[in-house]
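With chain B's structure known, arrange chain P on it following the hints.
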Amino acid sequence: MSWLGERLGKREPTMMRGAPSWAATLGWALVFLLALEAVTGAALAAFYSPSTTDAWASVAYIQDQAALGWLIRGLHFHGGGAIAIVAGAHLLQTALFGAYKKPRELTWWVGILLLVLVLAWAITGYVLRWDQAGYWANKVEVGIAAGTPGVGSVIRALAIGGNDYGNLTLTRFYALHIAVLPALVFGLVGFHLWLAKKHGNTPRTSTKETQPRFPGQTIRDAIVMAAVFAALLAYVVSQHGADLAGPADPSQAFDARPLWYFRWLFLLRELAGSAEKLVAMAAPAVVGGLLVALPLIDRAPDRTIGKRLPYVGIAAGLMALIAALTLVSVVSDNKPEHQKALAEADKLATIARDNAVLYGVPATGALGVYDAAPFAKAKRLFEQRCKDCHDGPKRKGPLIVQGHGNRAWLRGMISTPSGDAYWGHTKLAKTEGAMKPMDALKPEELDAVVEWLWAESGASDIDATKRKAGEAVFDGACSDCHSREEGVSGNAPALATLGSRAYYLSYISNPKSALHMGKNSEMPRFDAELSLADRDELAAYLTTLSK
Amino acid sequence: MADQPDRRGFLKVATCALGGGLGLVVAAPVLRFVIDPATQTTVTTPSEPIDLGPAERFHGDQPTRVEIVAPMIKDGWTSARDVVLGAAWIQQKGDKLVAFSAVCPHLGCGVGYDGAQFQCPCHDSKFARADGAAQSGPSKRGLDPLDLKVVDGRVKLTWASFKLDQAERELA
Numbered sequence: 001m002s003w004l005g006e007r008l009g010k011r012e013p014t015m016m017r018g019a020p021s022w023a024a025t026l027g028w029a030l031v032f033l034l035a036l037e038a039v040t041g042a043a044l045a046a047f048y049s050p051s052t053t054d055a056w057a058s059v060a061y062i063q064d065q066a067a068l069g070w071l072i073r074g075l076h077f078h079g080g081g082a083i084a085i086v087a088g089a090h091l092l093q094t095a096l097f098g099a100y101k102k103p104r105e106l107t108w109w110v111g112i113l114l115l116v117l118v119l120a121w122a123i124t125g126y127v128l129r130w131d132q133a134g135y136w137a138n139k140v141e142v143g144i145a146a147g148t149p150g151v152g153s154v155i156r157a158l159a160i161g162g163n164d165y166g167n168l169t170l171t172r173f174y175a176l177h178i179a180v181l182p183a184l185v186f187g188l189v190g191f192h193l194w195l196a197k198k199h200g201n202t203p204r205t206s207t208k209e210t211q212p213r214f215p216g217q218t219i220r221d222a223i224v225m226a227a228v229f230a231a232l233l234a235y236v237v238s239q240h241g242a243d244l245a246g247p248a249d250p251s252q253a254f255d256a257r258p259l260w261y262f263r264w265l266f267l268l269r270e271l272a273g274s275a276e277k278l279v280a281m282a283a284p285a286v287v288g289g290l291l292v293a294l295p296l297i298d299r300a301p302d303r304t305i306g307k308r309l310p311y312v313g314i315a316a317g318l319m320a321l322i323a324a325l326t327l328v329s330v331v332s333d334n335k336p337e338h339q340k341a342l343a344e345a346d347k348l349a350t351i352a353r354d355n356a357v358l359y360g361v362p363a364t365g366a367l368g369v370y371d372a373a374p375f376a377k378a379k380r381l382f383e384q385r386c387k388d389c390h391d392g393p394k395r396k397g398p399l400i401v402q403g404h405g406n407r408a409w410l411r412g413m414i415s416t417p418s419g420d421a422y423w424g425h426t427k428l429a430k431t432e433g434a435m436k437p438m439d440a441l442k443p444e445e446l447d448a449v450v451e452w453l454w455a456e457s458g459a460s461d462i463d464a465t466k467r468k469a470g471e472a473v474f475d476g477a478c479s480d481c482h483s484r485e486e487g488v489s490g491n492a493p494a495l496a497t498l499g500s501r502a503y504y505l506s507y508i509s510n511p512k513s514a515l516h517m518g519k520n521s522e523m524p525r526f527d528a529e530l531s532l533a534d535r536d537e538l539a540a541y542l543t544t545l546s547k
Numbered sequence: 001m002a003d004q005p006d007r008r009g010f011l012k013v014a015t016c017a018l019g020g021g022l023g024l025v026v027a028a029p030v031l032r033f034v035i036d037p038a039t040q041t042t043v044t045t046p047s048e049p050i051d052l053g054p055a056e057r058f059h060g061d062q063p064t065r066v067e068i069v070a071p072m073i074k075d076g077w078t079s080a081r082d083v084v085l086g087a088a089w090i091q092q093k094g095d096k097l098v099a100f101s102a103v104c105p106h107l108g109c110g111v112g113y114d115g116a117q118f119q120c121p122c123h124d125s126k127f128a129r130a131d132g133a134a135q136s137g138p139s140k141r142g143l144d145p146l147d148l149k150v151v152d153g154r155v156k157l158t159w160a161s162f163k164l165d166q167a168e169r170e171l172a
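Those protein sequence lines, which keep their order, are chains B and P.
Heads up, the first sequence is in the numbering used here, so the first residue is 1 and it goes up one at a time.
Heads up, the second sequence is in the numbering used here, so the first residue is 1 and it goes up one at a time.
Just to be clear, a hint being listed does not mean it is correct.
[Unchecked claim] So the derived label-pair ranges between C-beta atoms look like this:
#1 P:Asp82 with B:Leu321: 44 to 50 Å
#2 B:Asp439 with P:Gly115: 49 to 55 Å
#3 B:Leu96 with P:Val34: 38 to 44 Å
#4 B:Asp64 with P:Thr15: 54 to 60 Å
#5 P:Arg7 with B:Leu96: 34 to 40 Å
#6 P:Ala17 with B:Ala175: 38 to 44 Å
#7 B:Ala175 with P:Ala172: 23 to 29 Å
#8 B:Asp463 with P:Gly53: 41 to 47 Å
#9 B:Glu337 with P:Gln40: 36 to 42 Å
#10 P:Cys16 with B:Ala324: 47 to 53 Å
#11 B:Val328 with P:Val34: 36 to 42 Å
#12 B:Asp64 with P:Leu31: 38 to 44 Å
[Unchecked claim] Computed cross-link-like contacts, EDC-like style, restricted to lysine to aspartate or glutamate with a CA-CA straight-line distance of at most 20 Å:
#13 B:Lys379 with P:Glu168
#14 P:Lys126 with B:Asp333
#15 B:Lys277 with P:Glu56
#16 P:Lys140 with B:Glu337
#17 P:Lys163 with B:Glu337
#18 B:Lys396 with P:Glu168
#19 B:Lys335 with P:Asp124
#20 P:Lys156 with B:Asp527
#21 B:Lys335 with P:Asp114
#22 P:Lys126 with B:Glu276
#23 P:Lys140 with B:Glu141
#24 P:Lys126 with B:Asp527
[Stated by the list, open to error] Every beta carbon over 10 Å from chain B, so not counted as near; a handful from chain P, in silico:
#25 Pro5
#26 Thr15
#27 Ala38
#28 Pro46
#29 Gln62
#30 Ile68
#31 Gln91
#32 Ala128
#33 Pro145
Simulated from the structure, these hints should not be mistaken for lab results.
Just so it is clear, CB atoms sit at the ideal spot from N, CA and C, and this is done for glycine as well.
Chain B extracted, bound-state conformation:
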């Protein structure tokens, strides 16, 4: 006897009753899928960070950056869908064969409980990604649970861990997903298997004959496992893992849909109209109740399908109904409004994920990822707050586009101050107070004063001689109206530091200052509108236009 044999004891071949069967392989296929979830889940847990600031970022990292992260995540996510399908088939097969009959009622009931737990397990997993899809689906699901009469608000507070969605929501769902539910499910699977082994496969023709599981049954089990895995793998590869929307944004609407295996309930609620609350509670209860009741109402020992048509009908009918509702609900997503919303959400997801890869997700929160690109926020602010007046058809002020503030721009400004691209659109341009074109300047004088102005922006490519000459031209031709000393105002805008970041910051903050346009300014002050950081970023962005 070998060393191990002495310690483990002699292995008796595992026996089974009846002939090896393909139908009996589905249970082991489920065990395989659960093991796959455990392995991929443990691997994902080594990357995942359950907090409102990090959750999406860590999932995006898994999906888009870690080697084969998309594959592991895809197997984990779509493995859940595979479990729903194979569990449905397992349940249907068990019901058709009358395998819930004495003495296997307990096996059947534990199986139903497992199905419920596995579905709940999926819900706890979907929110963890903290993207728009998982976040909003969870909000709706918790909202439905919160509608339970009497205890609804307690359920909500317990589920989300407090008064609102936050860090504790994620840590709670995470604990349920990776500790509590796995312990319950794997414990019950052990019990289910123990019961199944104790009572053996249900023989279709009564037999007391037994034979070893190996190799007849085990090879069938292995073939089905491999087939299930091959199908799952093919699907995961075709999808490049699982989808990931942009980070959860409480202000951004999203067409929330539950995971596909809950779509039948989603559609039932929709069809129920004002009775949706009743249906939401009643539909799972009726389905569950009927399944639980099967062994109690179908008690005759005969397992022949032909003699149990009403009961077979209940089980097969329920499954067919659920499948049909699921299909109808998924197909109904083809509505153009929904497709349009999805396309917009996709666009945001692409920006967020590309930025996450290129620049990383700011530690202050995943929504900051949209502004992670250089000057992204400044560009957005410009778009929202500046563009109407400084670019486009309804412009009221000077054009601000690429090239603003460079030598050519300065030259144009001095030559045609009321030109279309300069102050032409302002009220001031139509008054006596408008600056006149400096036609009197000789070309080399214009060159020189442009060089001096350009140097004020802090530019380094300066011809010092020209600049010096420009100073003299300025003092002769411009200084009646414009000051060139920092902090000193004249009758027209002061030009010291023109085009520098500090200049733009000061101008954006208060264009009505005597240093700038004074009361001639049609532009509003932004010192109360935008934070200092935002104004400074805008200022820094404006300096890039002249490069």
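Here is chain P on its own, set in the frame of chain B:
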């Protein structure tokens, strides 16, 4: 040896009592611990009005959607600045501005505007543009109005969350 059954009975009770007691001693504090957040205000959002800029921003014939950004929130063990709480729809009504929370009173999705009325993408509830009243779909009440004041030309909005999926409007 006549007392043997008594002794066995006693040991059985004692073993069960010890085992059960141990279980309770562990379970009680664990349960108290894990339900604690449900009894706390874990996410603290500002109750004072949030500045949304000058009133002109919202003048016009279409409702404007604004992000509600809390200057500071406390979320469990962290605090953070400039956190997006949700969104509101603001529109002119006569010479006044009125605001609706963009949180659907049905199950909390973000309500959009389709050019004629407010509508929720999740379960297709529709709300009248003028007063936010529920028009069709599963929502049991109209959009929730938010307290809005214009102080020195600037819009001050007080953010609030309401209990979902019930006819009465009740603060959450």
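- Task: Take the C-beta atom of B:Leu96 and the C-beta atom of P:Val34, compute their distance, and say whether it sits inside 38 to 44 Å.
- Result: Taking Cβ atoms as reference, B:Leu96 and P:Val34 lie about 42 Å apart, which means the hint holds.
- Message: If I claimed the Cβ atoms of B:Asp439 and P:Gly115 lie 49 to 55 Å apart, would that claim hold in this structure?
- Response: holds, 52 Å
- Query: For the pair supplied as a hint, P:Lys156 and B:Asp527, is the alpha-carbon distance within the 20 Å limit?
  - Reply: Answer holds: P:Lys156 to B:Asp527 is near 17 Å, not above 20 Å.
- Could you grab the alpha-carbon distance between B:Lys396 and P:Glu168 and see if it respects the 20 Å cut-off? Status violated; Cα separation ~48 Å.
- Message: Checking one constraint from the list: CA of P:Lys126 to CA of B:Asp333, max 20 Å. Satisfied?
- Response: Distance of about 18 Å is within 20 Å: holds.
- Query: Far enough from chain B: is every CB of that chain over 10 Å from the CB of P:Pro145?
  - Reply: holds, 18 Å
- Item | Cβ separation of B:Ala175 and P:Ala172, checked against the hinted range 23 to 29 Å | holds, 24 Å
- Message: The output says P:Pro5 does not contact chain B. Does that hold with a beta carbon cutoff of 10 Å?
- Response: holds, 32 Å
- Just tell me: holds or violated, for the beta carbon distance of P:Cys16 and B:Ala324 against 47 to 53 Å? For P:Cys16 and B:Ala324 the Cβ distance comes to about 51 Å; the hint holds.
- Query: Is the Cα-Cα distance between B:Lys335 and P:Asp114 20 Å or less?
  - Reply: holds, 15 Å
- Satisfaction of the hinted span 38 to 44 Å by the C-beta atoms belonging to B:Asp64 and P:Leu31: Holds, at about 40 Å.
- Query: Is 34 to 40 Å a correct range for the gap between the Cβ atoms of P:Arg7 and B:Leu96?
  - Reply: violated, 54 Å
The earlier numbered hints that this structure contradicts are 5, 6, 13, 15, 16, 17, 18, 24, 27, 30.
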